[in-house]
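K.L.:
Residue-level listing of the chains:
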Amino acid sequence: MIEVRWHGRGGQGAKTASQLLADAAFQSGKFVQSFPEYGPERSGAPITAYNRISDTRCPVHSNIYDPDYVVVVDETLLESVDVTAGLKAEGAIIINSAKDPAELKPLLKGYTGRVCTIDARRISIDCLGAYFPNTPMLAAVVAASGMIDRTTFLEEMEDSYRHKFARKPQVIEGNLKCLRIAMDEVKEA
Amino acid sequence: MSIRERMSGNEAIATAMRQINPDVFAMFPITPSTEIPQYFAQYVADGRVDTEFICVESEHSSLSACLGAEAAGCRAVTATSSAGLSYMNEVLYVAGSLRLPVVLAVACRALTGPININHDYSDSLAARDSGFIQLYAENNQEVYDNYLMAHRIAEHPDVRLPLMVCEDGFITSHAIENIELEEDALVRAFVGQYRPENYLLKKENPLAVGPYGVSAYYMEARVAQAQAMKNAKRVILEVAADFEAHFGRSYSFFESYRMEDAEIAMVLMGSSAGTAKACVDELRESGVKAGLIKLRVFRPFPGEELAEALKSCKAVAVLDKSEGFSAMGGPLFAETASACINLDKRPKMIEIVYGLGGRDFTVDAARSVYERLERIASTGEIGEVYTHMGQRE
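Chains A and B, in that order, give the protein sequences.
Position 181 of the first sequence, counted from 1, bears residue number 296 in this note's numbering, the numbering being contiguous throughout.
Position 343 of the second sequence, counted from 1, bears residue number 1016 in this note's numbering, the numbering being contiguous throughout.
Hints listed in this document are in silico derivations from the structure and should not be mistaken for laboratory results.
Be aware that a few hints might be false.
[Stated by the list, open to error] Calculated from the model, a selection of chain B residues having no Cβ within reach of chain A, i.e. all distances over 12 angstroms:
1) 705
2) 772
3) 930
4) 1036
[Unchecked claim] Straight-line C-alpha distance at most 25 angstroms; calculated SDA-like pairs for lysine to any residue:
5) B:1018 <-> B:1050
6) B:984 <-> B:1048
7) B:962 <-> B:1056
8) A:279 <-> B:1012
9) B:984 <-> B:1019
10) B:876 <-> B:917
11) A:279 <-> B:830
12) A:214 <-> A:279
13) B:987 <-> B:1017
14) A:279 <-> B:876
15) A:279 <-> B:1018
16) A:279 <-> B:1017
17) A:283 <-> B:760
18) A:145 <-> B:1001
19) A:145 <-> B:830
20) A:203 <-> B:1036
21) A:279 <-> B:799
22) A:279 <-> B:987
23) B:903 <-> B:1012
24) B:962 <-> A:173
Fair warning: this is a prediction, and the values are worked out from it, not measured in the lab.
Ideal Cβ positions, reconstructed from N, Cα and C, are used throughout, including at glycine.
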């Protein structure tokens, strides 16, 4: 079983990203859980969302305290939230940032595992013309973890977009390009 | 052939409602149940159901509108949570005593205060004596399956009682998980049409609904209602057996998980039971004879069956996600303990109030309960009977 914890801010779509990851894993035949942790709902407040992805139905319905992967959708959270709490050393953290992983490592409280960054803002603006960090972050966590095979993932996402954007086919190619570029551009230290 | 899907508990309920296509859905929104009417409104807009979808001004009115529809001979549904269920309280009793089998979906949420939107059972368990049948679920699959069985249980001529299909707010209502859906036509064939024998607008034999009950008649009406709740036990099992024959998934009053030779056990409800099962599996691997009972049916309370299932245990912990403020534990403990009162040999029994207002219940928390039960079983010392778990000191 793979457990993922997402850190974002209300309104950035971390919950949606966790649902997209569950969708992709579901399409590849897995059992999935995607669930948010709700507090007072304010735009900009730190929020957490979770994924469990497994080969059999997981009966556990608690939050995730020892994730395999952590995804940080907003790098300003590194200063206020203990994002690496419980994160397994053999796992990885994937941060939305234009910086190199080595620059961010000092903020990660001695985390010894892999640190990855992805410039989701630039990729999103280049491919979609606006800042939607979800799509590149989803691709980055799939690439960094290898939890779904690249070709399978891209095929499933294309199917999913053709269904989801049936009335807006012009946005499909931009989203797919966004996924491909993000998978290639994950930086690691 | 089942349909492999993934969706939240709320969408699973809305899907079951769409498949059943009730005559009336009277709605008023409240977190975390709001998505149920939201999804259903889309089905109405898309012409996938021909339900009369009524937006009313309160929960008191949503259930009242359902009762009006049911009295007229229609199948009616609604959904709510927390303060919304409290606001329905007067009408809940009317539904039970009028013997109108409305089906109410409840995304269970804490009751104020402090104000909180997260899960516990203080809303649904406060309504335990209202005359509703209550079904609880571990996950989205069980919520969906309970909903498919709900109308048949509630509308059965020997029952004719309203029914709550309860899910854990957010934990189930908002979590997306895999689910096996059944095909629309098979669901409709299983659930069937609602054909009450008598109703208000039946022109051959119109029925008076809601007359005053003078003392000379009141008690007879209440005894008949109590008998209907007893009858519901048989009907719940009959419908479950037919459900299994149709769709292959098995249900009863409760699920006994690794109870065959269990010496220590928990009794609990909902999603926490899944988390505790993972703990039971771990303990079994290290030779600890642990088990659990996940209660599905709280009303009618399956007391005899539960006592039978627990009688061989040395120590039992009842976990209540509702305080109750009785100063001696919550409702699940009170009912489980009273169910065991006439056993010749009873297990030692403790009560743990946990998970209030969304406080997380983990595998580690479950392990700490079993460790306490092992001590009680080996020493015979119960210690404090009624405690809370998971709060900061």
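K.L.:
If a hint holds in the structure, say so; if it does not, say that too.
P.N.:
Each hint, compared with the structure:
Interface exclusion of residue 705 (chain B) from chain A breaks down, the closest Cβ pair being 8 angstroms apart, not more than 12 angstroms. Every CB of chain A is more than 12 angstroms from the CB of residue 772 (chain B) (nearest about 36 angstroms), matching its label as outside the interface. Against the 12 angstroms criterion, residue 930 (chain B) falls within the reach of chain A, whose nearest CB is about 10 angstroms from its own CB. Not every C-beta of chain A lies more than 12 angstroms from that of residue 1036 (chain B), the closest at about 6 angstroms, which undercuts listing it as non-interface.
At most 25 angstroms may separate the alpha-carbon atoms for a hinted pair to count; residue 1018 (chain B) and residue 1050 (chain B) meet this at roughly 14 angstroms. With a C-alpha separation of about 19 angstroms, the suggested pairing of residue 984 (chain B) with residue 1048 (chain B) holds against the 25 angstroms cut-off. Among the hinted pairs, residue 962 (chain B) with residue 1056 (chain B) is consistent with the structure: their alpha-carbon atoms are about 21 angstroms apart, no more than 25 angstroms. Between residue 279 (chain A) and residue 1012 (chain B), the direct Cα distance comes to roughly 52 angstroms. Violation of the 25 angstroms bound is thereby established for this hinted pair.
Distance restraint check for residue 984 (chain B) and residue 1019 (chain B): the Cα-Cα separation of roughly 6 angstroms lies within the 25 angstroms cut-off, and the hinted pair is therefore satisfied. A hinted pair counts as satisfied when its Cα atoms are at most 25 angstroms apart, and residue 876 (chain B) with residue 917 (chain B) does not qualify at roughly 38 angstroms. For the given pair, residue 279 (chain A) sits about 45 angstroms from residue 830 (chain B) by alpha-carbon distance, which is inconsistent with the 25 angstroms threshold. At roughly 33 angstroms between alpha-carbon atoms, residue 214 (chain A) and residue 279 (chain A) are farther apart than 25 angstroms, so this suggested pair is violated.
With a C-alpha separation of about 13 angstroms, the suggested pairing of residue 987 (chain B) with residue 1017 (chain B) holds against the 25 angstroms cut-off. Between residue 279 (chain A) and residue 876 (chain B) the alpha-carbon distance is near 49 angstroms, which puts this suggested pair outside the 25 angstroms criterion. The hinted pair formed by residue 279 (chain A) and residue 1018 (chain B) fails the criterion: a straight-line CA distance of about 60 angstroms is larger than 25 angstroms. For the proposed pair residue 279 (chain A) and residue 1017 (chain B), the alpha carbon gap of about 62 angstroms is over 25 angstroms, so the pair is violated.
Proposed proximity of residue 283 (chain A) and residue 760 (chain B) is contradicted: the alpha carbons are some 43 angstroms apart, above 25 angstroms. As the CA atoms of residue 145 (chain A) and residue 1001 (chain B) are separated by approximately 44 angstroms, the hinted pair breaks the 25 angstroms bound. Our distance criterion of 25 angstroms between C-alpha atoms is broken by residue 145 (chain A) and residue 830 (chain B), whose separation comes to about 43 angstroms. Only pairs whose Cα atoms come within 25 angstroms are accepted, and residue 203 (chain A) paired with residue 1036 (chain B) is accepted, the gap being roughly 18 angstroms.
With a CA separation close to 42 angstroms, the supplied pair residue 279 (chain A) and residue 799 (chain B) exceeds the 25 angstroms bound. With a C-alpha separation of about 55 angstroms, the suggested pair residue 279 (chain A) and residue 987 (chain B) falls outside the 25 angstroms cut-off, and the hint is violated. For the suggested pair residue 903 (chain B) and residue 1012 (chain B), the alpha carbons sit about 15 angstroms apart, so the restraint of at most 25 angstroms is met. For the hint linking residue 962 (chain B) to residue 173 (chain A), the alpha-carbon distance of about 22 angstroms falls within 25 angstroms, and the restraint holds.
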